[in-house]
Amino acid sequence: MKNILMIIPPERFRDEELFETKEELEKFGHKISINAPKNSRLFGQTIGKLLLDKND
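Mapping of the sequence shown onto the numbering used here: residues 1 to 56, in sequence order.
Derived from the structure by calculation, the hints contain no laboratory data.
It is possible that part of the hints are untrue.
Taking lysine-lysine and the DSS-like style, the derived pairs with C-alpha atoms no more than 30 Å apart in a straight line are [said to hold, decoys possible]: (1) K27 <-> K38; (2) K31 <-> K2; (3) K22 <-> K2; (4) K38 <-> K22; (5) K27 <-> K2; (6) K38 <-> K2.
Pairwise CB distance ranges, derived in the manner of DEER restraints [to be verified]: (7) K38 <-> M1: 15 to 21 Å; (8) Q45 <-> M1: 27 to 33 Å; (9) M1 <-> F43: 28 to 34 Å; (10) T46 <-> M1: 28 to 34 Å; (11) T46 <-> N3: 24 to 30 Å; (12) T46 <-> K2: 27 to 33 Å; (13) E17 <-> K38: 15 to 21 Å; (14) R41 <-> M1: 25 to 31 Å; (15) D15 <-> K38: 17 to 23 Å; (16) E23 <-> F43: 15 to 21 Å.
Here a beta-carbon is modelled for each residue, glycine too, at the ideal position from N, C-alpha and C.
Given the sequences, and given the hints that come with them, work out the whole structure.
Here it is as structure tokens:
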């Protein structure tokens, strides 16, 4: 199992690219951390929203 860092833009990221990829990697037991350049609230192109935990 690996620790994986996913870095995404704070706005208009492709929801499926983040959430589906994250889900698949977690199925194999990998620990996923998500970070972005500035904001703690991230918004996808459709309905995806994410609140980052800066302690992650």
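Consistency of the hints with the structure:
A distance of roughly 28 Å separates the Cα atoms of K27 and K38; the hinted pair therefore holds under the 30 Å criterion. Between K31 and K2 the CA atoms are separated by roughly 6 Å; this keeps the pair inside 30 Å, and the hint holds. At most 30 Å may separate the alpha-carbon atoms for a hinted pair to count; K22 and K2 meet this at roughly 13 Å. Note on K38 and K22: the hinted pairing holds, with a Cα-Cα distance of about 20 Å set against a maximum of 30 Å.
For a cut-off of 30 Å, the pair hint linking K27 to K2 stands: about 12 Å separates their Cα positions. For the suggested pair K38 and K2, the alpha carbons sit about 25 Å apart, so the restraint of at most 30 Å is met. A C-beta distance of roughly 30 Å is found between K38 and M1, which places it outside the suggested range of 15 to 21 Å. Against the hinted window of 27 to 33 Å, the Cβ-Cβ separation of Q45 and M1 comes to about 30 Å, which satisfies the hint.
Distance hint check for M1 and F43: the Cβ-Cβ separation is about 30 Å, which falls inside the suggested range of 28 to 34 Å. Under the hint 28 to 34 Å, the C-beta atoms of T46 and M1, about 30 Å apart, fit the expected range. Separation of T46 from N3 is about 28 Å and conforms to the stated range, judged on CB atoms against 24 to 30 Å. Distance hint check: the CB atoms of T46 and K2 are about 29 Å apart, consistent with the given range 27 to 33 Å.
Checked against the hint of 15 to 21 Å, the pair E17 and K38 passes, with Cβ atoms roughly 20 Å apart. For R41 paired with M1, a C-beta distance near 29 Å keeps the hint of 25 to 31 Å intact. Between D15 and K38 the C-beta distance comes to about 19 Å, which sits within the given range of 17 to 23 Å. A hinted range of 15 to 21 Å for the beta carbons of E23 and F43 is consistent with their spacing of about 19 Å.
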